[in-house]
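What follows is the residue order along each chain.
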Amino acid sequence: MTAGVVIIGMGNPLLSDDGVGIAVARAVAERLRHLDDLALLELHTGGIRLMEAMAGYGRAVVVDAMLSGAPAGTVKRFDAMDFVTTKNTFSSHDTDFATAYDLGRMAGVPLPEQVSFWGIEALEFDLFGERFSDEVAAALPDAVNRIAGEIVNGRAA
Amino acid sequence: MTTRITIDPITRLEGHGRIDIFLNDQGKVENACFQIPELRGFEQFCVGRMAEEMPVITNRICGVCPEAHHLAATKALDGVFGAEPTPVARKLRELLYMAFFVTDHTTHFYALGGPDFIVGPDAPPSERNILGVARKVGLDVAGEVIACRKRNHEIITFLGGKSIHPVAGIPGGWSRPITEEERAQIEDAARRNIEFARFSLTVFDNIVLKNPAYLEMITSDTYLHRTYSMGTVDANNQSNFYDGLIRVLDPEGNEFAKYHPSEYLEHIAERVEPWTYLKYPYLKKVGWQGLTDGVGSGIYTATPLSRLNVSEGMATPLANAEYQRMYEAFGCKKLTEARYQPIHHRMATHWARLIELLYAAEHMLELALDPEITSPETRNIPDPALFVGEGVGSVEAPRGTLTHHYSTDARGVLTRVNMIVGTTNNYAPISMSIRRAAEKLITGNAPEESILNRIEMAFRLYDPCFSCATHFLPGKMPLTVALRDSSGELLREMRRKG
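Heads up: the protein sequence lines correspond to chains A and B, in order.
So the first sequence is numbered by my numbering: it starts at -18 and just counts up by one.
So the second sequence is numbered by my numbering: it starts at 40 and just counts up by one.
Hints in this document: simulated from the structure, not taken from any laboratory.
The reader is advised that the hints may include incorrect statements.
Only pairs whose alpha carbons sit at most 35 Å apart, straight line, appear in this in silico DSBU-like list of lysine-lysine [to be verified]:
# : chain 1 : residue 1 : chain 2 : residue 2
1 : A       : Lys57     : B       : Lys201
2 : A       : Lys57     : B       : Lys189
3 : B       : Lys297    : B       : Lys373
4 : B       : Lys372    : B       : Lys297
5 : B       : Lys324    : B       : Lys67
Covered stretches of chain B (in silico footprint by chain A; criterion: 3 or more residues with CB under 8 Å from a CB of chain A, positions within the stretch not fixed) [to be verified]:
# : stretch
6 : 79 to 87
7 : 143 to 150
8 : 158 to 172
Note that the structure is predicted; figures quoted are calculated from it, not measured.
Virtual Cβ for every residue (Gly too), placed ideally from N, Cα, C.
Input sequences plus hints: build the corresponding full structure.
Rendered as structure tokens:
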């Protein structure tokens, strides 16, 4: 088991704003490339897959698009305790993340104690395309700063 | 006046799917459908790109079955470039696909379909999940499910060249051979898969079939629809997930059609109904009669159960024995030496899925033991003289027949893209099953919770996939049924927390 940090970008990079989690995760990993215990992963679907992806790490930071009704581009951090779901952290084919996490624990999977979730409010999420809406594109730098800050400082910036 | 009942969203399936139930003037259920958000702009996104990008683009359409899209796209490219894959390339594609089927069917049984049976249809939703299954079957099963996924994902990753979204499929072949060491790993995983599949069938036997209440749920007529059955078959008319001809049987079990996947447009048409934007596929040569079953209605089903219905037994011995056991348990008569009258009880789809799981595991072992499987001859380089410019690729996705159809110009640039995805085939039967469950909502006296779950169970047995759909925050994925009159006024609302 490594004690490192994994940043997991979630979403579909071909589906407009749905790809924002992946873009942010890539940018954070690029900014923090001097950290040798930081790993970057990309996932399209959550649930059990997401639980499996963070196995073996000491900390996990998950970044995803969300559809909460907030203004497009809103960046929000969720604690594991009050987290329900963002757009892709559940799986239509199995379960939500919380159940998957409990399943992993039950099965003895070495899971991180610390998991945080970041959601970026999407505007265009059902249109194929590789561009973000203006609002989401404008939110990217702030999201990257805050998440990179959390990883470096060990807590939310 | 039409009354509409809306259920939104559906737990254990992603949130944006919504069920609408329409009542007639007498207050009886007339129609039911589910609404799922449609992704827009896929064709425009693809047209103008090089066709060979499709296997890596389409595998991103869906996070649940990227392997199915990857293979359907690769096969469509074989057609576009006029390049037959080499024998070992076919086998490597099929090997990846068997590993995928094992993980997909396993996950469905333990996480989605199984909870209704193993934990019980009337258990609280908070317990009716994979954790509840583990508590009932034994905590070890959680580890077994995770281990099964892990060993097969490892194989999919090295066979497909990349984790999650495979990249190895190319026109005329597969981009890499496997080593003897990798072959041995696959063989070992396949043997474990067979044991796990047999264990899963035993669980089903002990907990479901030996429980009179659950057996009644499977064999009752609540979800009985006598539709046509569809599935892909090999030269022996046995079910094959990767390749073959599409075989369609009528509800009595007579062969109605058998055609090459490239002829799909001659056989399948889509019906638009005024009360939903869903397009219902149906058999063109039978015709559309509305949401009704029987020989005169062109509604067909493409699921694990329909695949078994069209198959002359299973191609592997253990799965074949289970196949016989299932049909005999339903009292089906043999129609041929190996095949029985079709089963139309939709809850048996869960059983059929486990039989397919066993078949996939056994076939994976056969492929791993094939002396040719480590051959380096994984590709036929396409010959420009044989370029076709059009191709149809079809596979059986876990949730139904998946068809990709591409047309290109002379340079191989895409000019047209069409697809029928697995779940789409089953829109009409899913709607029929929901309607049947909803009838009890209106006429019966069962508790709301139990009826709501039975509507969801109607969905789940088809293993539909709308991985594009969305969830909303905050909230805990509640299930809401709203009964409204035609002016939108709320007559009755039922709600439960997720």
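Structure-based check of each hint:
1. Simply put, Lys57(A) and Lys201(B) have alpha-carbon atoms about 31 Å apart, close enough for the 35 Å limit, and the pair holds.
2. Proposed proximity of Lys57(A) and Lys189(B) is supported: the alpha carbons are some 32 Å apart, at most 35 Å.
3. Under the criterion of a C-alpha separation no larger than 35 Å, the hint pairing Lys297(B) with Lys373(B) is consistent with the structure, at around 20 Å.
4. Proximity of Lys372(B) to Lys297(B) is assessed by CA-CA distance (about 22 Å); at most 35 Å being required, the pair is judged to hold.
5. Restraint check: the Cα-Cα separation between Lys324(B) and Lys67(B) comes to about 31 Å, which is no more than 35 Å; the hinted pair holds.
6. Remark: the stretch 79 to 87 of chain B is confirmed as covered by chain A, as 5 of its residues place a Cβ nearer than 8 Å to a Cβ of that chain, reaching the required three.
7. Only when three residues or more bring their CB closer than 8 Å to a CB of chain A does the claim for the stretch 143 to 150 of chain B stand; here the count is 4, and the claim holds.
8. Coverage of the stretch 158 to 172 of chain B by chain A holds [criterion: at least 3 residues with CB-CB distance below 8 Å; count 3].
The structure agrees with every numbered hint stated previously.
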